[in-house]
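There are 4 protein chains.
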Amino acid sequence: MNSFGIKLKFSTFGESHGKAIGCLLDGVPAGLDIDEAYIQSELDRRKPGKSEFETARKEADKVEILSGVFEGKSTGTPIAMVIYNTNQKSKDYSNIKDVFRPGHADFTYFHKYGIRDYRGGGRSSARETAARVAAGAIAKLLLRELEISVVSGISEVAGIQGDNFDYEAAKKSIIYALDANKEAAQKEAILTAKKAHDSVGGVSRVLIKGAPAGLGEPLYYKLDGVLADAMMGLNAVKAVEIGDGVLSARKHGSQNNDPIRANGFESNHAGGILGGISNGEDIVVNVYFKPTPSIFQEQHTVTTHNEEVDFALKGRHDPCVAIRGTVVCEAMAALVIADMLLLNMGATMGGIKRYYNHDECV
Amino acid sequence: MNSFGIKLKFSTFGESHGKAIGCLLDGVPAGLDIDEAYIQSELDRRKPGKSEFETARKEADKVEILSGVFEGKSTGTPIAMVIYNTNQKSKDYSNIKDVFRPGHADFTYFHKYGIRDYRGGGRSSARETAARVAAGAIAKLLLRELEISVVSGISEVAGIQGDNFDYEAAKKSIIYALDANKEAAQKEAILTAKKAHDSVGGVSRVLIKGAPAGLGEPLYYKLDGVLADAMMGLNAVKAVEIGDGVLSARKHGSQNNDPIRANGFESNHAGGILGGISNGEDIVVNVYFKPTPSIFQEQHTVTTHNEEVDFALKGRHDPCVAIRGTVVCEAMAALVIADMLLLNMGATMGGIKRYYNHDECV
Amino acid sequence: MNSFGIKLKFSTFGESHGKAIGCLLDGVPAGLDIDEAYIQSELDRRKPGKSEFETARKEADKVEILSGVFEGKSTGTPIAMVIYNTNQKSKDYSNIKDVFRPGHADFTYFHKYGIRDYRGGGRSSARETAARVAAGAIAKLLLRELEISVVSGISEVAGIQGDNFDYEAAKKSIIYALDANKEAAQKEAILTAKKAHDSVGGVSRVLIKGAPAGLGEPLYYKLDGVLADAMMGLNAVKAVEIGDGVLSARKHGSQNNDPIRANGFESNHAGGILGGISNGEDIVVNVYFKPTPSIFQEQHTVTTHNEEVDFALKGRHDPCVAIRGTVVCEAMAALVIADMLLLNMGATMGGIKRYYNHDECV
Amino acid sequence: MNSFGIKLKFSTFGESHGKAIGCLLDGVPAGLDIDEAYIQSELDRRKPGKSEFETARKEADKVEILSGVFEGKSTGTPIAMVIYNTNQKSKDYSNIKDVFRPGHADFTYFHKYGIRDYRGGGRSSARETAARVAAGAIAKLLLRELEISVVSGISEVAGIQGDNFDYEAAKKSIIYALDANKEAAQKEAILTAKKAHDSVGGVSRVLIKGAPAGLGEPLYYKLDGVLADAMMGLNAVKAVEIGDGVLSARKHGSQNNDPIRANGFESNHAGGILGGISNGEDIVVNVYFKPTPSIFQEQHTVTTHNEEVDFALKGRHDPCVAIRGTVVCEAMAALVIADMLLLNMGATMGGIKRYYNHDECV
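Chains as they are written, first to last, in the numbering used here: chain A, 1 to 362; chain B, 1 to 362; chain C, 1 to 362; chain D, 1 to 362.
Hint data in this document are derived by calculation from the structure and do not stem from the laboratory.
One should not assume that every hint holds.
Since the list gives no way to pick out one identical chain from another, each pair is judged satisfied if it fits inside one copy or across any two copies.
Said to hold, decoys possible - Derived pair list, reagent style DSSO-like, types lysine-lysine, alpha-carbon separation capped at 30 Å:
hint, residue 1, residue 2
1, 182, 251
2, 209, 353
3, 19, 62
4, 187, 172
5, 171, 353
6, 58, 209
7, 195, 73
8, 73, 62
9, 19, 187
10, 58, 251
11, 353, 58
12, 314, 251
13, 172, 97
14, 194, 251
15, 172, 19
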């Protein structure tokens with residue numbers, strides 16, 4: 001159950017303190033230019049330690065391609081990518097060895113698997129998401145060939161909401177802020193929490209432009225359903241919205257419907273998806289991240305022997321996981337859209353005949 | 001792509017105006033008592049025409065089991081269930097034959113498949129969800145054997161939010177209202193909108209009690225991710241929350257973490273899921289339904305030939321789809337939990353050895 | 001686990017003595033002409049009771065389409081088909097109620113599921129294959145649009161091997177014999193065994209013509225592997241060959257390689273598949289059916305309580321299951337090829353770009 | 001499509017002349033002892049260059065585990081294993097760069113993917129099977145815990161058939177010969193062909209002992225069907241038999257049925273499988289390998305530009321691929337059985353209740 005997607009399927013492996021993490025991307029069509037520098041640049045956007053708004057842990061996150069590429073092009077065979085862990089020095093884990101960290105997955109992994117990798121998050125660490133970003137970078141290269149783009153940014157931090165979104169500005173912001181007018185306040189909220197040994201939540205907003213109408217496989221591999229799974233499955237995510245989301249449930253139909261004209265929809269409350277299928281408009285997804293559970297205040301918890309203890313975490317952690325998280329949201333969105341593009345081929349008999357008799361159109 | 005689940009997998013078929021709808025439920029363990037009256041009673045909770053808060057369309061929704069049950073018990077083979085459509089009389093479709101209804105899926109289905117079933121929602125109709133409820137009823141019977149229950153109700157209508165939730169009261173409420181103190185206001189909002197030829201949105205809250213810790217298959221078949229997919233894939237749903245959801249993203253870590261004591265968690269902001277795996281607490285999911293797109297006011301739209309027209313829908317429609325929708329949310333939750341229970345078997349070598357050498361423990 | 005295929009996926013349901021059997025065919029592209037008379041004619045080729053070479057059990061095998069077709073064309077939604085059982089009259093099962101029939105699946109089903117449907121083969125009955133034939137008929141309609149055909153016949157009965165194969169003759173033969181010169185001897189072998197209360201084995205040979213090079217998804221959904229699964233999964237099948245099959249293992253490389261010339265291969269020992277991918281030549285599959293296990297001679301067996309008994313079966317059974325089985329082999333082959341055609345779309349970046357920008361080629 | 005299995009699923013990557021090959025094994029239960037020396041010893045059985053009966057190409061085939069194991073035990077997370085290619089020195093490929101090798105997959109890969117990795121078999125090379133052996137070794141460790149074993153050997157070479165099978169002897173034979181009396185003749189056939197610049201076919205026989213009755217998921221993930229897929233999907237395999245296989249089709253029912261007594265079956269023509277489910281007897285699979293297509297005689301072929309040429313291959317190749325292939329057959333069989341064991345959990349309601357309330361039996 002460590003795979004995602006159907007026609008374009010990726011699988012990841014690795015633990016935060018093991019030898020390496022990595023992924024296998026299967027289903028990449030042959031003949032795609034695999035720009036390794038671009039893949040690395042996407043990983044660099046996600047990698048930790050770039051500013052005071054992130055964990056101080058440093059990781060080079062150098063990706064190495066082991067297979068599936070020949071002379072710069074994909075061959076149609078699985079692309080394996082590996083990222084060796086360089087910052088897993090033997091440190092002293094004695095203080096957390098037997099203690100479940102509140103808000104973390106170590107409690108549930110222990111109850112499921114009966115085994116405790118006490119060196120950190122292990123498989124449940126957000127470190128795994130680097131592998132998703134590597135896979136997502138290749139998906140983006142594929143989408144680029146079809147003039148589809150996926151961008152994102154932070155729309156909200158600690159309840160401070162942006163309302164004027166500029167995706168170009170977000171690319172340049174150290175916290176990927178979408179609203180330049182709110183960026184200063186959002187940064188301050190992060191640093192204030194950090195000083196108080198606390199953390200804050202935040203929201204990533206993902207925008208997909210250029211996707212054709214018709215993507216999504218009803219009724220049980222719908223575009224919105226799969227995007228929801230992709231995002232909710234990220235560490236710390238507790239809510240996902242498509243288009244107007246929660247707000248839609250508070251409106252009347254006459255306010256929420258998007259009127260249609262010959263050149264498109266007059267509004268986009270639907271966020272580009274109707275009945276689980278893209279309608280040709282921008283696709284909009286909001287992803288809500290809880291505050292980092294790793295805080296340095298004392299908390300109630302128990303040990304693996306169910307003994308109650310009071311416990312204050314040490315170490316280096318992101319004060320707001322949404323920030324680096326938004327890069328991962330983009331990657332997941334790109335992987336979903338690319339999978340849907342491939343799955344959609346074959347929806348009509350006309351398309352199949354065109355595909356297999358393509359010389360006809362010469 | 002008309003199937004959901006892995007070990008307990010259901011597939012549905014049928015269109016709103018075809019001969020029948022139905023489902024195939026595969027993976028039901030042998031030896032489960034299949035209480036047909038219970039399955040029918042669940043369908044009756046969802047069926048239309050029970051009050052002025054629902055569409056006036058009447059459907060008997062009588063379920064017939066075609067296979068997989070022998071002498072009242074499941075046999076381990078697929079259970080096929082069929083519900084014949086009884087209310088698809090040949091009516092005059094000329095007014096909607098070529099017109100896309102705003103907020104509906106007919107636009108996207110036409111662009112994907114190049115075919116128009118002009119008789120109504122066709123495959124995208126909410127009528128299909130009756131098949132989900134039939135499958136979900138069997139999942140509930142399975143869960144009951146393990147003392148796990150799934151209940152739900154309406155927490156919010158048209159922005160009128162309940163805050164004191166009583167699931168027993170919801171069962172008796174004609175609009176499945178969770179907060180008896182808000183029920184009157186919520187009803188009034190629905191009827192007011194209805195009179196104005198409009199519709200309202202609403203929110204379903206689902207509660208799963210008794211699920212053991214350890215359910216969920218990380219990292220790409222997580223419990224929260226799959227629940228999000230299951231719910232977002234329902235007609236009209238635009239947002240899904242686990243536990244505190246959106247609110248979590250506006251809190252500090254010290255407010256959002258759930259402290260742990262020897263007998264369980266001191267709070268449940270997480271909604272019973274950590275790292276995609278159940279933690280033994282109540283699992284809480286909120287599902288946000290947009291207002292019914294079928295309204296009787298004039299709207300801008302286009303025809304299948306992309307001609308602009310102004311169009312007012314006629315017919316019978318739910319003024320608030322969340323109400324009957326909450327029964328479907330329950331069904332989906334039950335199906336997800338049952339699938340996760342089956343998938344979880346085999347998580348540990350100890351469990352496998354116990355299973356295959358069970359005489360040991362006599 | 002009652003589904004087969006990935007992009008074109010069918011699921012079947014039903015037991016030999018239940019209300020109905022049927023199938024769900026998912027992934028049929030929209031816009032395919034669904035010729036119901038053709039589907040029925042395929043079922044008629046498989047249905048029992050047509051001659052003394054088959055079981056005397058009569059079944060009308062009337063197929064009814066419940067969904068997925070509108071105005072004679074597929075809509076892209078799942079096609080559900082149901083065949084009601086008409087010949088399951090309440091007969092006296094007391095003699096087989098607790099007795100496992102040698103060579104049958106009732107022993108293994110009982111050990112797996114702990115339940116005994118004593119009325120006959122239940123789910124394991126060859127009756128289920130009617131549902132496969134219905135699905136296969138639609139796959140054949142799809143293939144016909146691409147000028148691909150699937151034919152078959154009986155190449156061998158009771159060790160009497162044909163060597164001059166005529167698929168047109170096979171269509172007209174009551175035992176689907178491929179070699180008209182061997183038909184009389186093969187028929188006699190069947191009737192002789194039948195008179196001796198015994199049964200015979202046989203071999204079906206399937207030929208797929210017109211499949212383009214490139215079908216098959218290496219390395220774990222290869223064309224030959226999936227064909228082998230499809231055929232070996234049929235009741236009574238004990239061996240599957242591609243091309244020269246067993247004989248290949250007894251040859252030298254210089255005898256077995258197929259030399260290549262500009263207009264194709266000079267021989268076809270490979271049976272049209274290299275490395276799990278079609279090479280554009282005829283695809284040839286041989287399917288070996290064991291003799292019907294239902295014989296009327298006394299045999300050693302045990303009851304469900306593990307008591308030893310001597311037991312002679314009564315009833316009506318095919319003396320050679322390969323005969324009607326060959327129709328099912330065709331259906332399975334057609335379903336596999338159609339699935340592979342759909343999966344192959346997306347193999348190259350060029351193909352994807354051509355598909356999504358098809359106006360380019362106008 | 002580079003994955004196999006459902007609950008225990010492995011995915012492989014890598015090309016013969018790329019940086020590395022490897023696999024990802026997902027679904028290994030937590031708590032299994034991962035004996036790395038054993039995994040390496042299995043790889044050593046398959047690795048080339050051990051005798052004159054194999055290719056002279058040398059590969060260390062050193063496996064490295066990157067994830068999923070902690071303190072010697074599986075953790076329940078995916079186990080990634082990598083084998084770096086050490087023998088892909090830059091040699092001169094000019095003579096085969098544009099020429100399709102008869103009997104090889106390069107023709108079909110080129111037609112499917114439009115790309116040619118001219119350095120050798122690439123993804124279609126038998127080298128990939130080393131990754132299967134690594135995964136299979138872990139499956140064998142799992143089976144060992146349940147007292148299930150998988151062994152194999154060569155029953156036939158170049159038409160010289162053994163008839164007295166000794167699996168212990170096969171382990172010690174340099175050609176894994178099952179019949180010591182035929183070994184000398186089989187060896188001579190190989191060397192004679194080799195001297196003639198030719199190759200020979202052979203047959204692997206796989207035996208699974210100790211598997212409980214009840215394995216196999218009917219109707220479309222049957223034990224025999226999946227074994228057939230697993231074996232037919234191996235390079236050079238052209239036929240697969242279960243039990244008596246081809247011979248069954250030439251017998252009468254009275255000869256082929258296995259009579260049942262209180263302590264088991266009186267014969268095992270069925271090869272341990274009835275109706276796609278194991279019956280508790282030994283499971284027997286025969287796998288037919290064609291002669292190595294790489295021969296050094298001149299053959300007709302064409303170039304990628306469809307120019308006819310006569311061509312004699314150079315290099316180092318196995319004269320009989322079945323020999324090393326039998327180790328891979330074992331691995332595949334072990335992976336299939338382990339997957340079926342996991343899938344079978346949940347077949348009965350009783351088993352599920354026992355699993356989730358295991359304290360009951362204390």
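For each hint, the structure was consulted:
Taking the shortest alpha-carbon separations for residue 182 and residue 251, both the intra-copy value of 27 Å and the inter-copy value of 18 Å come in at or below 30 Å. Proximity of residue 209 and residue 353 under a CA criterion of 30 Å is satisfied in both settings, with 29 Å inside one chain copy and 17 Å between copies. Proximity of residue 19 to residue 62 under the C-alpha cut-off of 30 Å is found in both arrangements, the shortest distances being 13 Å within a copy and 16 Å between copies. In this assembly of identical chains, residue 187 and residue 172 lie within 30 Å of each other by CA distance solely inside one copy; the values are 14 Å within and 49 Å between copies.
When the C-alpha separation of residue 171 and residue 353 is checked against a cutoff of 30 Å, the pair qualifies only between copies, where the shortest distance is 28 Å, while the shortest distance within a copy is 42 Å. Taking the shortest Cα distances, residue 58 and residue 209 never come within 30 Å of each other, neither inside one copy (33 Å) nor across copies (42 Å). For the identical chains of this complex, residue 195 and residue 73 are neighbours neither inside a copy (48 Å) nor across copies (40 Å), given an alpha-carbon limit of 30 Å. Taking the closest pair of Cα atoms, residue 73 and residue 62 come within 30 Å of each other both inside a single copy (20 Å) and across two copies (28 Å).
Within a single copy, residue 19 and residue 187 get their C-alpha atoms no closer than 34 Å, and across copies no closer than 44 Å, so neither meets the 30 Å cut-off. Only between protomers do residue 58 and residue 251 lie at most 30 Å apart by alpha-carbon distance; the minimum there is 27 Å, versus 46 Å within a single protomer. In this assembly of identical chains, the alpha carbons of residue 353 and residue 58 never lie at most 30 Å apart, being 53 Å within a copy and 40 Å across copies at closest. Within a single copy, residue 314 and residue 251 get their C-alpha atoms only as close as 45 Å, which misses the 30 Å cut-off; across copies the closest is 21 Å, which meets it.
Neither within a single protomer nor between protomers do residue 172 and residue 97 lie at most 30 Å apart by alpha-carbon distance, with minima of 40 Å and 47 Å respectively. Proximity of residue 194 to residue 251 under the C-alpha cut-off of 30 Å is restricted to the inter-copy arrangement: shortest distance 13 Å between copies versus 37 Å within a copy. Taking the closest pair of Cα atoms, residue 172 and residue 19 never come within 30 Å of each other, the shortest separation being 33 Å inside a single copy and 36 Å across copies.
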